[in-house]
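When you get a sec, could you build the whole thing from the sequences and use the hints?
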Amino acid sequence: MESIFGRYRNLIVLVAALLVQVIGLAVQVRKPVASLPASAQMAIRNESGGQDAQSVRLIRLWAADLVTPAERIIHGTTEGAANLWNGYLDLRHTREQNRELQQTVDRLRLEQASLLEDARQGQRLQALNKFQESYIYKTISAQVIGTSGSTQSDVIYLDKGAADGLKPDMAVITGDGIVGKVRDVFDHSAQVLMINDQTSGAGVVLETTRIRGILRGNAAGQPQVINILNDSRIQPGEHVLTAGGDQIFPRGLPVGVVEKVVRDTERGSFINVIVKPAANLQHLDEVLVITALDAQLSPEQQADVNLSEQLKGAEVAAEAERKRSAAEMAERLPGLTDPNTPAAANPNTPGAPGASGATPAGVTPAALLPVPKPIPVKHPDRYSPGGVAEAPPASAPPAEPPVASPIGRTTPKPSSAAKPAPKAGAGAKPPVKRGRDLSQ
Amino acid sequence: MTVLTPDYRRELEIRKYPYPVYVLVPLAALVLQAWLPRLLGRFAYMDLPLLVTIYFALGRRNPIHGTLLGAGLGMMQDGLTQGAIGIHGIANTVCGFLSASIGIRVVVENHTIRTVLTFGFSLLASSIAYFVTKGLLGLHLDWNWLDELLKAAGNSLIGLGLFPLLDRTQVRD
Numbered sequence: 000m001e002s003i004f005g006r007y008r009n010l011i012v013l014v015a016a017l018l019v020q021v022i023g024l025a026v027q028v029r030k031p032v033a034s035l036p037a038s039a040q041m042a043i044r045n046e047s048g049g050q051d052a053q054s055v056r057l058i059r060l061w062a063a064d065l066v067t068p069a070e071r072i073i074h075g076t077t078e079g080a081a082n083l084w085n086g087y088l089d090l091r092h093t094r095e096q097n098r099e100l101q102q103t104v105d106r107l108r109l110e111q112a113s114l115l116e117d118a119r120q121g122q123r124l125q126a127l128n129k130f131q132e133s134y135i136y137k138t139i140s141a142q143v144i145g146t147s148g149s150t151q152s153d154v155i156y157l158d159k160g161a162a163d164g165l166k167p168d169m170a171v172i173t174g175d176g177i178v179g180k181v182r183d184v185f186d187h188s189a190q191v192l193m194i195n196d197q198t199s200g201a202g203v204v205l206e207t208t209r210i211r212g213i214l215r216g217n218a219a220g221q222p223q224v225i226n227i228l229n230d231s232r233i234q235p236g237e238h239v240l241t242a243g244g245d246q247i248f249p250r251g252l253p254v255g256v257v258e259k260v261v262r263d264t265e266r267g268s269f270i271n272v273i274v275k276p277a278a279n280l281q282h283l284d285e286v287l288v289i290t291a292l293d294a295q296l297s298p299e300q301q302a303d304v305n306l307s308e309q310l311k312g313a314e315v316a317a318e319a320e321r322k323r324s325a326a327e328m329a330e331r332l333p334g335l336t337d338p339n340t341p342a343a344a345n346p347n348t349p350g351a352p353g354a355s356g357a358t359p360a361g362v363t364p365a366a367l368l369p370v371p372k373p374i375p376v377k378h379p380d381r382y383s384p385g386g387v388a389e390a391p392p393a394s395a396p397p398a399e400p401p402v403a404s405p406i407g408r409t410t411p412k413p414s415s416a417a418k419p420a421p422k423a424g425a426g427a428k429p430p431v432k433r434g435r436d437l438s439q
Numbered sequence: 000m001t002v003l004t005p006d007y008r009r010e011l012e013i014r015k016y017p018y019p020v021y022v023l024v025p026l027a028a029l030v031l032q033a034w035l036p037r038l039l040g041r042f043a044y045m046d047l048p049l050l051v052t053i054y055f056a057l058g059r060r061n062p063i064h065g066t067l068l069g070a071g072l073g074m075m076q077d078g079l080t081q082g083a084i085g086i087h088g089i090a091n092t093v094c095g096f097l098s099a100s101i102g103i104r105v106v107v108e109n110h111t112i113r114t115v116l117t118f119g120f121s122l123l124a125s126s127i128a129y130f131v132t133k134g135l136l137g138l139h140l141d142w143n144w145l146d147e148l149l150k151a152a153g154n155s156l157i158g159l160g161l162f163p164l165l166d167r168t169q170v171r172d
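Chains A and B supply the protein sequences, listed in that same order. Counting in numbering that gives the first Met the number 0, the final residue of the first sequence is number 439, and the numbers go up one at a time with none missing. Counting in numbering that gives the first Met the number 0, the final residue of the second sequence is number 172, and the numbers go up one at a time with none missing.
Incorrect hints may have been included.
[To be verified] Quick look at which bits of chain B chain A covers, simulated, 3 or more residues with Cβ under 8 Å:
1. 28-34
2. 55-69
3. 73-87
4. 124-136
5. 142-155
[Stated by the list, open to error] DSSO-like, lysine-lysine: derived pairs with alpha carbons at most 30 Å apart:
6. A:K275 x A:K159
7. A:K159 x A:K137
8. B:K15 x A:K275
9. A:K259 x B:K133
Everything labelled a hint here was simulated from the structure, so no lab data went into it. Don't be surprised by glycine CBs; every beta carbon is placed ideally from N, CA and C.
As structure tokens, then:
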């Protein structure tokens, strides 16, 4: 007996190692038996597919504990070197960028304070209509420190875990679009199953055609919407959004755009819609984990909103009052404005692109009223304001032909030899035009 | 033929390494395998734990050592994925055993032989993983064989540079 073991010990060890792993695989992938009741099948599915068994989770924990500390060190070192370069050495144009960013912050605070009331009103209306909608109210930012290392498994590891409030099945996003969902959570790290993995699944909807489907990855690592009946309306470039029915991703988050449509090789009447993900799944650095979808602001967000209201509330009120006064005046004096003139043509028009967005604080609304402009005259005569000037003396050289001004009013081009006409000169006060009387 | 078969006692001797090498090199392989795809994305055509398994199995010429090292590293690889634990484990176990068995019969100092062996064992590991996934587990996962081919080629290239470096760490009598 001893000699047999000594002679075949290599093979015996090999067979034993394989046997242990095969039995382990069999335990992990127990399938529900059809004859079992639904509750028992669900229990087995949860035990085998949804959550790992205790022994399997132990191996995953060991692997994560073995690898993630080293990954954290590597990530921290590279980040530190990058921060050293970007924060202390490569500081060109920093002041200019800082100034521009400060202006952007001011503008955004103004917009936030302006939109806040509308948002509150919208939420009140939705609450009255019992409109079921999820809002992202709390997120945790996390760094991506590693991957699974396997091309068959599109999984990333985050540097935040259960100690930071992460739980399984939380949605992971970036500012561009969705990334995946938290699959397994350890104390100080978490495993995220990305949307381009073949075992993932997310409910999505095509924005234009409103076709719903399930998003999962393919062998090439591309997310695709599967099980869709052949539909010629689906065209490349159409946006794909989350449908919100999977209880993981809130509705309406960007997923990507349709890249191409391919026929399902196994089922001819079905197609697969290959999606180009909005988030760059291959090079993720920082992601956001949605930890709360409750209808309440986080303390940080509430403090930011309060600050915006405090800083910009007066300006928003002044702006609103100015707009209201301008609208009233336009209503009372319809002849002062040309309805055919586009808003973009006049930079002084409120809301036009080019108009200054922020008004100085403390300015009274009356001072901000728009200056009335006369309607352009098609056939100017001597009585038209700014039109043809009075006839010059005979000795004087003839004036040059009139040129059109930017506002459409014809003005004579001043000659170097002749003085400008007193009524139409630059220093003369333009006559105030009263509605239709002067334009006819 | 003398190039391929070990005629010298020196070539038959079992290579030995300092104990830290046995710990740090596999650990580094696991860490880099998990970290490098962050930089390379889908182009990370390599399997460093398998490469380390093949190297130590060829050098040690001990099938039991190769089997256990392959099983351990493979299961750790599986632990980092969301899939079942044992897919890479079985593949690396078989490759470790076969590498050690072949290492007894051929001269493993030859770089060409090691490169060809690495390429072949990488494809074998992919085939075993495919068989386990499809045949044993019955999972309907698509398989991109071009990726596997490129991974085998990447392993061969990396081994060409890595194996001589690891050779320097062995203990000489």
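Results for each hint:
1. 28-34: holds (count 5)
2. 55-69: holds (count 4)
3. 73-87: holds (count 14)
4. 124-136: holds (count 5)
5. 142-155: holds (count 4)
6. A:K275 x A:K159: holds (28 Å)
7. A:K159 x A:K137: This hinted pair holds, its Cα atoms lying about 15 Å apart.
8. B:K15 x A:K275: Outside the cut-off at roughly 50 Å; violated.
9. A:K259 x B:K133: holds (28 Å)
Of the hints listed earlier, the one the structure fails to meet is number 8.
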